[in-house]
Structure formats: structure tokens, C-alpha cells
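Enquirer: Protein chains in written order, with UniProt numbering: chain V, 1 to 438; chain R, 1 to 438.
Note that these hints are calculated values from the structure, not bench results. One should not assume that every hint holds.
Below, a sample of chain V positions facing chain R; criterion: calculated Cβ distance under 7 Å [what the hints assert, rightly or not]:
hint, residue
1, L65
2, A72
3, A75
4, R146
5, E150
6, S151
7, L152
8, P309
9, A314
10, P315
11, L332
12, G334
Since the structure is predicted, the reported quantities are computational estimates derived from the model, not experimental observations. We put the beta carbon where it would ideally sit given N, CA and C, even for glycine.
Protein chains: 2
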Amino acid sequence: MRPDAREVGGPVRVAVLGAGVVGSQVVRLLLEHGNELAARIGAPLELAGVAVRRPNRHPDVPAALLTTDAAALVARPDVDVVVEVIGGLEPTRELLLTALRRGAAVVTANKALLAEHGPELYEAADAAGADLYFEAAVAGAIPLIRPIRESLAGDRISRIMGIVNGTTNFILSAMSQQGVGYGEALAEATRLGYAEADPTADVDGFDAAAKAAILASIGFHTRVGADQVHREGIAGVTAADIRAAREIGCVVKLLAICERVSVGGGEAVSARVHPVMLPVAHPLAGVDGAYNAVYVEAESAGRLMFYGPGAGGAPTASAVLGDLVAVARNRLVGGRGPGESAHADLPVQPMGEVPARYHVSLDVDDRSGVLAAVAGAFAAAGVSISDVRQMGRGTDAQLVAVTHTAPDAVLATTVAQLGELPAVHRVTSVMRVMGELR
Amino acid sequence: MRPDAREVGGPVRVAVLGAGVVGSQVVRLLLEHGNELAARIGAPLELAGVAVRRPNRHPDVPAALLTTDAAALVARPDVDVVVEVIGGLEPTRELLLTALRRGAAVVTANKALLAEHGPELYEAADAAGADLYFEAAVAGAIPLIRPIRESLAGDRISRIMGIVNGTTNFILSAMSQQGVGYGEALAEATRLGYAEADPTADVDGFDAAAKAAILASIGFHTRVGADQVHREGIAGVTAADIRAAREIGCVVKLLAICERVSVGGGEAVSARVHPVMLPVAHPLAGVDGAYNAVYVEAESAGRLMFYGPGAGGAPTASAVLGDLVAVARNRLVGGRGPGESAHADLPVQPMGEVPARYHVSLDVDDRSGVLAAVAGAFAAAGVSISDVRQMGRGTDAQLVAVTHTAPDAVLATTVAQLGELPAVHRVTSVMRVMGELR
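Hey, can you work out the whole structure from these sequences and the hints?
Expert: What follows is the structure in C-alpha cells.
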């Protein structure tokens, strides 16, 4: 007997909610690779139904499996696992709660739902002893949730930092490499299918913030909701910012940053999404286009990096199917994967208190005393300056300063005050800086 | 009730075999982070004993826990999990079989044992329904086993390729960056503690081959033993090879390469370890020093990369503890992690049939007809040449050729024949080339 046949049983019956970009790939792979998956699980996976809105639009799905009644499908007692790839908050939340409450396992790619209603879903799963898996919710095909929840479960993670939104990374890469402005780069991303018709969720950082909430929650064993993640998108990033970054040896990236921080004798979690200037030598600086990459730093493991395609139908379906194999195996052996781990219960640090470094470019009068006035404004706020350059251009000049670390709110206030100085014509670029500048 | 408290039970009792570089870190972390680990597991981990050879050398381990009788420790009925970090084949194999046969879970970092006796261990684990986890056996702290066994369980992996031995990577990096020869670089690696007093396992590729066997087995659902992995080390890599690589825009790396290949209507697995010339633009080319990095290509997921510290006490202990948390959780909920998956049962392709490209440097007579003779030898063997350069140096010349793909055995024979040509003084460098040259 081959060892893989040891737990023959089943079949494990699977309902799929949604047959869009990801769902159609999930269904295709289930149908095409059924034998292989069965061998790995020890029992066949059987497709019990596929819930869609318009059945006539899915010629690739066997007609007998299609249904428009998702609520009835998740309630069917013969369905063991519900795969959710429709997205959205409602009715998705209600559908998954129904499935979990009757003990069905759920595999979802829905980052927004998890970031918004994660605790409620976890509690339903825990109460019923059901599995809730969501590898596909963050960074597409890149194994990240499982490594953080399981591989690093014996370690103390100190930081998770990554490029987790391919649309914004594509736009920023295009602005940097082709010298185009934000509008033009967004238009190209839309034309090529990297940005949706309404790009708000991506460009305003909502998508990345939901992922940051999930990563911070599992990484720091603490409930962090999307509303606790400080969020700034890329719509305000200008060609001037990109040039300013290049002048100090940096590129502009939108990062999701989750950190364990020390505050007044205790610990807290910081979770935020915002553009940063990152030195070109940093490994994340070289991640271009629609790729994702995430750095994880842990006390014992050191620095780890995970890299790969962060979106797309097939890559996301790969992550979904990995979870599906796992929950099917668990079901057969009577086990269960990890549930919510929120024992640390750390407070979330307000953004204003987060230590940051700012890069500031100012258009100023080219006359004596201006540098003193600017330096004085920083000094008055208690912010020390790491680098400053002033370049005369006839009657006016450009002044560029990079600060040392100070609380974010102090820096923001100081920059606002700089804009009010009579000698300052315009604040041309303000952005946080990470990593060591050369 | 916090969700993490849902499965309070236990304690889970852990025996550790070995308290060396890794074992001492495992014991330290278990003692220091006990509460945190308990919260994540849902039950306390209790250290039942630590087996060592010389108890007086371990002042950091509570004396009451130390024992020299490993056989008695693994046989104790109250021990739930055996963590093995002593290495070696015997008596380790017998100790772990004893533990598994009585239903204890095993967490091991022993790549040689798994590559040599994996099937026997798996069978004992399967028969008893026990867990066998080994994240630490390949690439230290980098989550790689779990992503391949679990995250990608729904996908079809086509290739796993990586730098999985830090010692040889350190030596090759030093040769490349400091221009020193192999002997000098090895001496430095030994002095800095990156190489052991007897470096054979690393420099001759045994360590990487064991890891390749493990990766090929789990990646392709096929039993691949260490003896089925073609193995070439770095002892033969010369300063001339490094220079020759640089001249074609490459660096020399020792890679473990596992591929799914098509052969005569079916599929096979290729597993091999050998130095290659890799274009500097390849992401693995930039992985320097003692770091590890592994590329995984899968049908749906696309290209993924995992990067991090590949060895060291604390990183390896992190991987061991992650497994320990997993098997403890499984034990509490009555579940079990994945067992052996060998359903594909593919043949292993002999090295001679593996398609390869060769870079060859020859010292030749600087006279007409030499290029024709060399080109003729390639042509006679049916090997087509991609690039060829001849540089005169007075009475003799250097001839450099890069071939197109041909079966490895054909290339090896051809190179041997080249060395016999009257016009060829010496074959100065022969190495396989991967990736696209510019």
C-alpha cells in the first residue's frame, strides 16, 4: 500500500461561491486535477455546486453544478467545504457564518471580509470546530499566511513589511521607470487590466490595509481591524516625489508595515500602509510591476523574504486549492488547523506616535537666512535633521531635508509649519523614508 | 473566553535529543517562551528530558533534565514529542523509529537521515498515526517544507531550484568577491565558523544532495533518495572558472535543482547538485554569504522565491519550534499533519540524459584551423554552439564556447574529446550554464 492511500474515505464535497477570475480557475483545476488531488488527500474531492449570479455566463462549468442560490448551497448538509471567491462583505459574511456554524470548513480569499469581520468568523469556526483558511487573502500565491501562522508559531515576529498590492506597485514602477505622472500610469494600468475600472480599493490603500490588518493579527497574536490600520494611498504621489526619491538613491513604494513596538514598559502593534522612499539597495526596492514581496523579521529566524505573483486567477486559485487540500485532510483524520490566536492582545499604536523619518523638499527664496529659518522650525519641534541640501536656482532655491526619527505627528506638524514660513514658496515633496541612506 | 484558550489540555511533554548549536537554542526558547508557546498551542509544553553525551558541558540546561540515555528517553510513555537535533544516521534512526512506533510525534532537523531512511520513518509514522515534521531539515529558518507540502498541495510544481548550503555559498561568494582561490576561501570559512573542521559534507555537496532528495520527494510526490541525486561539489571550482563566469556576465553558484521533466510520453524527476554559471541578473545570483534562497515554480502559482538564513542555532531552532507547536496542536485536537505523499511514483532521470548547456574554456594553438577542429568535434557529437570567442595571446589563444542544450552525457563526452585534440593544450574551465545569457 502506498502511504498516501492510508486514509481513504470521503468523498469530500466542495461548494464554490463565485466563478469569476479566481473561481473559474478553482473549478477548472478541481475538474482537471481531481485524481492528483484525491491521491494527495486520500479521498476524492467532489464538486457539489458552484454559486454564480448569471449561470449563462459560465460555459466551462458543468450546467448541473451551477446555482444562483448561494444561501441554499452553503446550507446543504452534504457540503463539507465552502470555497468563497465572490468577495464583498455582504451577503458573503452571512453565507460563511452559515457554513461555519453547521461545521463546514471555509476557504476564503476575501481579505476585506477577514479584516472587517475576522473575529466573528473565527468565533463561529471555533464554536463548531471548523476550519477557516485564507492563504489566498494576502499576496496571492505566495505562501505567507501558513508560514506566519504555523512555521513561525514558535518564534516572536518583530516586523512584517511588504509590497502586497500589485496595482499600486505597477503604477509606481511605471512612474519611476517611464517618468510618467500618476494619471498616465494609472491609465496604463487600467488599459492593461492591472487596475480595475474603479481603482479606489487599490490606489487609496484599502486593499493593502486589509492585508496589513490580517498580517498584524496573525503575526502578533492580536486582533487588528482594518480601521486600526493607518492608511495613505498613492494618489498623492507626484513625479516630483519620484525624482526627489531618486536624488537620494531611493525608489517610492507603497508598503504595508506591521511592527511590534515597545511603549512605556509594554508592547504594542503598529500597522500602517503608506508610500515610502526606500533605498535602491533594499531587497523590496527591486520588486517591480505586479509582483508582491514580503519581509518577515523574527527574533530567532532572522530576516525572511517571500516573493511571487500577488494576484491573478491561477496563482490565487493555487493558494485556494492548497487550503482546500489541507482542510480536506483535516476532515478525514478528524483534526483541525490552527484557529484564531489572539492571546497577546496588544494595543495598537496610534500613527501619530509611530517613529518616522521624513524627506521634505521645499521651494524657497535664494537668500541668506532661509536655511536658518527652516532649521529653526525643525529645532523648535525637537526634530533633528540627518541631511540637508540647498541648491540655488537664480532667484529661488530648492531645499531638501531628511530628518532623523521623530514621532509621526510631530513631523507632520513641523512640515505644516514649514509651509507657513514666508521664505518657503511651496512644499514640493513630503514622504517617509525607510532604511539606511548612503 | 479568548479563542486561543479553546483547547486547553495537556501538558504536551517534549524530549530533546541533543543540546549542541541547535538543541541548546531549542531548550532555551522552550524555557524562556513557555507561556507564549502554551497560549498558542492551548496547553503548556513541558520539557521531559534532554539527551546529551556529556552532561557536564550543558550548564544552561536544568541538571535534572539531562540524561545520557537517549534510548530510555524516547521510550518513555509520557513523552509525547521527540525533537531530534543530534544528527547522524545511527543510532538516530533507531531512536526515532522507537518514538514513532509508540505513537510519539517526531520533529527532526536531520536531512541526511530523511534522505537516507525517509520512507522507513514515514511508514512507522503512518502505521502509528504519528506526526513526522522536518521544516528545519532544509534551509534552516526559511519556511519551505510546509509551503511545499501544504501551501502548494493543490498545485503542480515544475521546478525547485536553490542555494541550500550556506558554507559553499560563502566560499563561492568569497572567491568571487575577493578573487581568492578555493583553498584560501575554505580556510577563511573555517576560521569564521562557516565551515566545519571536516568540510566534506558541505563542499562535496552531500548536504545539498540530501536536501535535494527531500525537496524532490515532497515536491513531486515521489520517493527520491540521496543516492539518486547527481552530486558534484565545489572543490573543483577554480579561480579560472570564476573569471570565466564573470566574462560571460555570470557568477558561480552551487545549486540544488529538482525538476519535473517529460520523457517519452511520461514524466520523470531530475534531482541534482552541481556548480553552475548563473547570469548576474538572476535573483539567485545576488544571494551571497551564508544565506539560502529557493525558487519554486508551479503550474498555477508561477514563480515563488523564499529567502533567509539557511543555518545557525537560533534560525534552525525557530523552524523546530514551529513544528513543535504544530504537532502539539495536532495532538491536542486529535488530528495529524500530512504524511508521506508518494503517489506520483515517478522515475528519476539519469544525469546523462538531463538537458544541459556547457561553458567550455580551452587553451589552444593560435593558428588557423583550430576553431574548425573544435567546432567539428562539437558538430560530430550533434552539439550546437550558442556562442564562441577566440582570443589570440601570441603563440597560443583562448577559445571559449557556450553550447546549446544537449544531453549531459553527450556534452561530457564531447569535452573529453576536445581535450584530446592536438591543437588543444588544456581545458581550463568546464561548467554548466543556467538562465539566459545577455
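Enquirer: So, as I understand it, the hint says G334 of chain V touches chain R; can you test that by seeing if any CB pair is closer than 7 Å?
Expert: Holds - the Cβ of G334 of chain V comes within 7 Å of chain R, reaching about 6 Å at its closest.
Enquirer: A closest beta-carbon separation below 7 Å is what the hint needs, so does P315 of chain V meet it against chain R?
Expert: OK, holds: P315 of chain V within 7 Å of chain R, min 5 Å.
Enquirer: Please verify that hint: L152 of chain V, Cβ, nearest Cβ of chain R, below 7 Å or not.
Expert: holds, 6 Å
Enquirer: Quick check on L332 of chain V please, does its C-beta sit within 7 Å of some C-beta on chain R?
Expert: Since the shortest Cβ distance to chain R is 10 Å, the answer is violated.
Enquirer: For the hint on A72 of chain V, does the least C-beta distance to chain R fall short of 7 Å?
Expert: violated, 26 Å
Enquirer: Against chain R, is L65 of chain V within 7 Å by beta-carbon distance?
Expert: It is violated, given that the least Cβ distance between L65 of chain V and chain R is near 19 Å, above 7 Å.
Enquirer: Hey, does the P309 of chain V contact hint survive, CB to chain R under 7 Å?
Expert: Interface hint status for P309 of chain V: holds (4 Å vs cutoff 7 Å).
Enquirer: Next item in the hint list is R146 of chain V. Is there a CB on chain R closer than 7 Å to its CB?
Expert: holds, 5 Å
Enquirer: Is the interface hint satisfied for A75 of chain V? The criterion is a beta-carbon contact with chain R at less than 7 Å.
Expert: violated, 24 Å
Enquirer: Go through the hint on S151 of chain V and say holds or violated, using the shortest Cβ distance to chain R against 7 Å.
Expert: Since the shortest Cβ distance to chain R is 4 Å, the answer is holds.
Enquirer: Do the numbers back the hint for E150 of chain V, that is, is its least Cβ distance to chain R under 7 Å?
Expert: Given a least distance of 6 Å, the restraint on E150 of chain V holds.
Enquirer: Can the hint on A314 of chain V be confirmed by a CB-to-CB distance to chain R that is less than 7 Å?
Expert: For A314 of chain V, the interface hint holds, since the closest Cβ of chain R sits about 4 Å away, which is under 7 Å.
Taken one by one, the earlier hints fail for this structure at numbers 1, 2, 3 and 11, listed in ascending order.
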